[in-house]
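Note that the protein sequences, when read in sequence, are chains A and B.
Per my numbering, residue 1 is the first one in the first sequence, and the count goes up by one each step.
Per my numbering, residue 1 is the first one in the second sequence, and the count goes up by one each step.
Simulated from the structure, these hints should not be mistaken for laboratory data.
It cannot be assumed that every hint is accurate.
Pairs involving identical chains hold if they fit within one copy or between any two copies, as the list cannot separate such chains.
[To be verified] Keeping only pairs whose Cα atoms sit at most 27 Å apart, straight-line, the calculated DSSO-like set for lysine-lysine is: (1) K559 - K155; (2) K536 - K108; (3) K394 - K54; (4) K152 - K536; (5) K559 - K108; (6) K388 - K472.
There are 2 protein chains.
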Amino acid sequence: ILGAGALVLSAQAATSGSANESLLQMQKNPNDWVMPTGTYNNWRYSTLDQINSKNVKNLQVAWTMSTGTDRGLEGQPIVIGDMMYYETSYPNYVYAVNLNHPDQIAWKYTPPRDSNAPPVACCDVVNRGPAYGDGMIFVDALDARLYALNAKTGKVVWSADNGHPKDGQTMTGAPMVVGNNVIVGIAGGEYGVRGYITAYNIHTGKMVWRGYSEGPSKDTLIDPATTINGATGKPVGPHSSIKTWKGDEWKVGGGTTWGWYSYDPKLNLIYYGSGNPGTWNPSQRPGKNRWSMTIWARNPETGKVKWVYQMTPHDGWDYDGVNEMVLVNVKYHGKEVPALVHFDRNGFSYVMNRENGSPIAIHKYDPSVNWATGINPKTNEPIVDPAKMTEAGKDVKDICPSSQGDKDEQPVSYDPKTGLFYAPLNHLCMSYQAFNVKYKAGFPFVGAIVNMIPGPGGYRGRFIAYNPMTGKTEWQIHDMFQDWGGALTTAGNVAFYGTLKGMFRAVDIKTGKILYQFKTPSGIIGNPITYMHDGKQYVAVLSGVGGWAAIGMADNLHKSSAGLGAVGLNATLTDYTNLGGTLMVFSLPSKVASAN
Amino acid sequence: ILGAGALVLSAQAATSGSANESLLQMQKNPNDWVMPTGTYNNWRYSTLDQINSKNVKNLQVAWTMSTGTDRGLEGQPIVIGDMMYYETSYPNYVYAVNLNHPDQIAWKYTPPRDSNAPPVACCDVVNRGPAYGDGMIFVDALDARLYALNAKTGKVVWSADNGHPKDGQTMTGAPMVVGNNVIVGIAGGEYGVRGYITAYNIHTGKMVWRGYSEGPSKDTLIDPATTINGATGKPVGPHSSIKTWKGDEWKVGGGTTWGWYSYDPKLNLIYYGSGNPGTWNPSQRPGKNRWSMTIWARNPETGKVKWVYQMTPHDGWDYDGVNEMVLVNVKYHGKEVPALVHFDRNGFSYVMNRENGSPIAIHKYDPSVNWATGINPKTNEPIVDPAKMTEAGKDVKDICPSSQGDKDEQPVSYDPKTGLFYAPLNHLCMSYQAFNVKYKAGFPFVGAIVNMIPGPGGYRGRFIAYNPMTGKTEWQIHDMFQDWGGALTTAGNVAFYGTLKGMFRAVDIKTGKILYQFKTPSGIIGNPITYMHDGKQYVAVLSGVGGWAAIGMADNLHKSSAGLGAVGLNATLTDYTNLGGTLMVFSLPSKVASAN
Ligand SMILES: O=C(O)c1cc(C(=O)O)c2c(n1)C(=O)C(=O)c1cc(C(=O)O)[nH]c1-2
Ligand SMILES: O=C(O)c1cc(C(=O)O)c2c(n1)C(=O)C(=O)c1cc(C(=O)O)[nH]c1-2
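Looking at chain A on its own, in the form it has when it is part of the complex (with noise of 0.2 Å):
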């Protein structure tokens, strides 16, 4: 059971020499939120609580600033000093606020348009963020160049390709900058690409290591000898990727690394998921098709894999492997472990042990999946319901979850006063079919037609209180169409999260009550982050619909199947909500803020 007291914030616990001192000091501050993830372990929590359970009724906006786009905004603002930045949608504008005049803004950076980027991109257009390291911004554009911008101007200090449209390359995710290196991924599962993490040095641009998911060990940088498999708790020998695969198919075998990274300074290991396997037709590729859908530690300086842990091999699903691991400390057989809490597409959540990838709780988090039974204690992999399985030519219907998880890219919050997660969630299902196609550069690689349902009970999305250890929801709220969005948890006992109608909630973390929404331009698929300014607390998110869970909208797409099987699901989305783009950003009058 996660005991509040046996938690202990990763990051503060220990530094080491090679990380970059200066972020694990700021990340201390809870006036700004000076990562992606607020914090290197992801909990996305803040010690703020001028902001409350008591006062947040009174919550209002504070100011608000169009993004210019009006697709998918799906990361969240970072905050350092009086300066707040962030990214938008293609074409990725990036921007410089000073807080002190949020009614100008200090620059903006416009990255060349890549038109070949935004048709191969899978799942909307989307950003999730830039990052901050040593005076400068690291930003992803979707063209696959990563850019590093003087903070105080804008301009481009160094750009790096890290990947080609052309070839079905685009880079959605946030960098998270560890020591010299800024970590970044590719996306492109979609589309054959073979997956990799890079770090490059911040000051020169200069790629230091490039990890691929599959392949050789000089491309894995998996060690036949120490990696340790999670599931064996053994090294995984040798071709312990090429032999999962037939033929050469692993050079085209997705396992793409477009989620959020974490890092634990003590172990100076990195965590990762990488996606699915390539193509959506498990016939095509016999196997477990390794290292797809998989949980990965790194050394963040050499790129060296410590462990791997396949969460659902010869994937038949699309459940990406790539959703956020949330470093905690967890008491287990008596003594405090330091582990890593994922909540996967698949519907499992882990807790692992993230110093050798062995299995501490898998539990699945919510009651309708059924492609898998379980998972097998002696092998520690899934129990497939050979009725859910999916293959070349057969339409299987009633699969739960759906190909966008019971949870996708939207990521948790941890809790430590509760032990709590505080998780947006999907509830679907579908009916997959599976067929045969040919690998073309830069076309997509999919092989299916999908089409997604509600879930058991008619509702699409939940914001649950999760006990991973357990497997126990302590509470949960049932919302229409998918939470997108992602979660904050506070000193003052509020969770935040928005909706995909775009209602932006403050919810009791003890109760699940929920003590004040707000209607945003748009639908919620960004996450919130809170920071302190001037002696006020304030909670910022973006409002711009879209993503996977509204790409019918996004991309105008009208066919049931269509957007990879998740149009026909959210068809009445238009009732509700309309593209848009704003920053919203929420704060307590200032009487009720000092009267706290």
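Here the structure of chain A is known, so what remains is to put chain B with the ligands in place on it, guided by the hints.
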């Protein structure tokens, strides 16, 4: 002097059998906002006072709605009972929102798109709002088609072609329903469109009458024998239009009708102004170019012209005369006279007897006006400074105001309690170089290179409290950019307006003190309205920068003289705001509202 006691809300003074009785009744209900201008007399004044100068500092954003567009939002919602309706810039989305469920879209109507329209819209693809009548919503689409929609369902009842984008014709104005007619104008003065105003039967969609701004009597509906020229007090006589043009030039003579309309039910007259004469190059069109730049009084049932008054004969500056006519009664020579007040682009404010068009008081409302030294009391025509007269081949410098006028389409508000006008204004000068140009249908017929600069003092916008009888400015606020959004006054002693930077302001009508301001997502060029719902007063305004003031941003133009000379002027506007589109609705916190 305008005495508050002497002022009567015209529409309440009497009703005429021919008028739409229900709108005349409805406009008395301050809970609603039944037509674009609030009331037929164009006051944009509300008797609501729950929000007032004492408590407005507590104003909050109540809810918001993305419009799904990012071009200039120049209109305002109308409110009929529980329903709100508004229209966006092109593609002219029309939204209905049930105020009991502002988190839903009751219906949305999108007219078919004619891609020929946007390129021929002179000044951004704006729209000034829908009108209501007899269970229908009337909307102009940019492509010059007029739609009658079922207010309950949004279904098209009828539609009518009011012009053709291929000929340079567009529609941007707000319709006005009078009696059984819906009255609409036409735009395209920069394409040599000969202006007209048209009445359609609200039930059948059939044209009832059309009155041109130039041409023979059968076109203009001017009766040479009975139509009065307000300047002379005498009938206009034969060929009053054609004889003021060289040859056939009147056929491409401009005088479009894209502004606001007003209506006096007692006199049974509608009032509006006509725009600039065709080609901005005056050398090409010797003569007074009648009836461009003219105030018109027409019978709403027949279109017959009661009187005309030309403000800027032989225009050489693009001082379109389309700005709104505000109907008030004034004390003049001891008598109460039915008057109209008009702030013209040319920098003069006009108080006219609205029965017969005779001038009562004409003053410069911006002291920087220099194209004319005053009004000749004998001819009632401006005394033009020859040094500021433009002509082909000459670059005339430092003309004030600029082509955007000291006020453009942004409507003023009249407060009967103070007897003053609250006017959002421009404060600009320009250089103007005319040249010969050939007419070709659907192609620009401009013939001038203009460059606008800030007026004396360096600021570009003003918000003033003004007495048009005396020409006295009671107070003024200087703004960095043009104040291109309209004004609203209320019985709560507050004037509301928005700035191009996007600040939405509540101002003390007595002192001009800014009591409240809020940074909306984008710049404001829309017009605030107020209404009461469920016992709570709301103020609503559209935030979405654009229009001619921000044409550089809207059209992504960068050459200084582009956008008809407006681009260079506001090149730094991008340092303050972004394109966007949001309906912003404000109210007091429940406690403050009920303590009222
Ligand atoms: O395989 C990939 O490379 C890839 C990329 C992305 C992306 O970059 O946004 C998504 C996915 N897959 C994906 O499977 C998915 O569910 C998804 C949702 C979203 C979103 O932004 O809403 N992106 C992506
Ligand atoms: O001559 C015309 O037909 C015509 C049309 C319009 C329009 O339709 O918006 C404008 C003007 N002229 C014009 O002169 C002008 O200053 C102007 C400003 C705006 C605006 O929306 O900001 N429109 C127009």
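So, going through the hints one by one against the coordinates:
For a Cα distance limit of 27 Å, the shortest separation of K559 from K155 across copies, 23 Å, qualifies, whereas the shortest one inside one copy, 43 Å, does not. In this homomeric assembly, K536 and K108 come within 27 Å of each other (Cα to Cα) only inside a single copy, at 26 Å, whereas the closest approach across copies is 39 Å. For the homomeric pair K394 and K54, neither the shortest alpha-carbon distance inside one copy (54 Å) nor that between copies (70 Å) is at most 27 Å. Proximity of K152 to K536 under the C-alpha cut-off of 27 Å is restricted to the intra-copy arrangement: shortest distance 24 Å within a copy versus 45 Å between copies.
Taking CA atoms no more than 27 Å apart as the test, K559 paired with K108 passes between copies only; the shortest distance there is 20 Å, against 37 Å inside one copy. Taking the shortest alpha-carbon separations for K388 and K472, only the intra-copy value of 25 Å comes in at or below 27 Å, while the best inter-copy value is 81 Å.
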